[in-house]
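Undergrad: Note that numbering that gives the first Met the number 0 has the sequence shown beginning at 0, numbered continuously upward.
Hints are computed from structural coordinates only; laboratory data are not their basis. Keep in mind it's a predicted model, so treat the numbers as computed, not measured. Any given hint could be a false lead.
As the list claims (entries may be wrong) - Subject to a maximum C-alpha distance of 30 Å in a straight line, what follows is the list of computed DSS-like cross-link-like pairs (lysine-lysine):
{"hint": "1", "residue 1": "K43", "residue 2": "K119"}
{"hint": "2", "residue 1": "K131", "residue 2": "K91"}
{"hint": "3", "residue 1": "K61", "residue 2": "K131"}
{"hint": "4", "residue 1": "K131", "residue 2": "K119"}
{"hint": "5", "residue 1": "K41", "residue 2": "K99"}
{"hint": "6", "residue 1": "K81", "residue 2": "K99"}
{"hint": "7", "residue 1": "K91", "residue 2": "K81"}
{"hint": "8", "residue 1": "K119", "residue 2": "K82"}
{"hint": "9", "residue 1": "K43", "residue 2": "K131"}
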Amino acid sequence: MKIIRYSGLVFFFLLIITIACKEEQYVYEVNEVEVNPNNSGKNKEKSVSQFISILYANMYQKALSPDDLVEITELIASIGDKKIAYETVLAKMITDPDIKIPTNGEMRSNIEQFVIETYKRFYVRLPTEAEKTYLTNYIESNPDVTPILVYFSFATANEYNYY
Numbered sequence: 000m001k002i003i004r005y006s007g008l009v010f011f012f013l014l015i016i017t018i019a020c021k022e023e024q025y026v027y028e029v030n031e032v033e034v035n036p037n038n039s040g041k042n043k044e045k046s047v048s049q050f051i052s053i054l055y056a057n058m059y060q061k062a063l064s065p066d067d068l069v070e071i072t073e074l075i076a077s078i079g080d081k082k083i084a085y086e087t088v089l090a091k092m093i094t095d096p097d098i099k100i101p102t103n104g105e106m107r108s109n110i111e112q113f114v115i116e117t118y119k120r121f122y123v124r125l126p127t128e129a130e131k132t133y134l135t136n137y138i139e140s141n142p143d144v145t146p147i148l149v150y151f152s153f154a155t156a157n158e159y160n161y162y
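My request is simple: use the sequences and hints to build the entire structure.
TA: Written as C-alpha cells, this is what we have:
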C-alpha cells in the first residue's frame, strides 16, 4: 500500500513539474525588413561631366552651360589626378560670391534643418538619426565650422562620387 501511495505521489509531483516547467512560446508578428546603409544603392561612379554638372547645380542652384561644362571637363582631364582636380574646381566655386549657400547665421539658427537640407542637396537622401545627431553636435560644438566648410566636406566625400 505504501508503494502505491508513494508511486501516486511521485506521479503527481512529476505531473506538476511537467506542467509547471512547460515552456510557453510567444509568437510576435513582426514584418521582415531588409536593412541596408543609406548609400548602398549608390554603386555607379559619376562621370566627370556628371560630377561637374551636379556639383555646379548644387552650388549655384542652376544648370551649367554646355560650353562651361566642356571647358571644366577639359581642365580636369589636363590635371590628371581626378580627386585633386575636383577639389580645385570646387575650391574655385566656393570662393565665387554667386553661389547659393546659407549664411553662418542661417545655419546656426536651425542647425538640424541645415543638416537635413544639406544631405538632401548633396546626397539626395535624408540623413540617418546617427548622421543627423553627429553633424548637429559637431556644428554646435565647433563655432569655426561654416556652411562653406560643410558643403566642401559633402562635395569631397566618397558618397558624392556615386549615384
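Undergrad: Each of the hints needs a verdict: does it hold here or not?
TA: These are the hints, each one checked on the structure:
1. K43 / K119: The given pair, whose Cα atoms are some 19 Å apart, holds under the 30 Å limit.
2. K131 / K91: Given that 30 Å is the threshold and the Cα spacing comes to 28 Å, the pair holds.
3. K61 / K131: 27 Å, holds
4. K131 / K119: 12 Å, holds
5. K41 / K99: 26 Å, holds
6. K81 / K99: Judged against 30 Å, a Cα distance of about 25 Å means the pair holds.
7. K91 / K81: 15 Å, holds
8. K119 / K82: 23 Å, holds
9. K43 / K131: 25 Å, holds
Violated hints are absent here; each numbered hint is respected by the structure.
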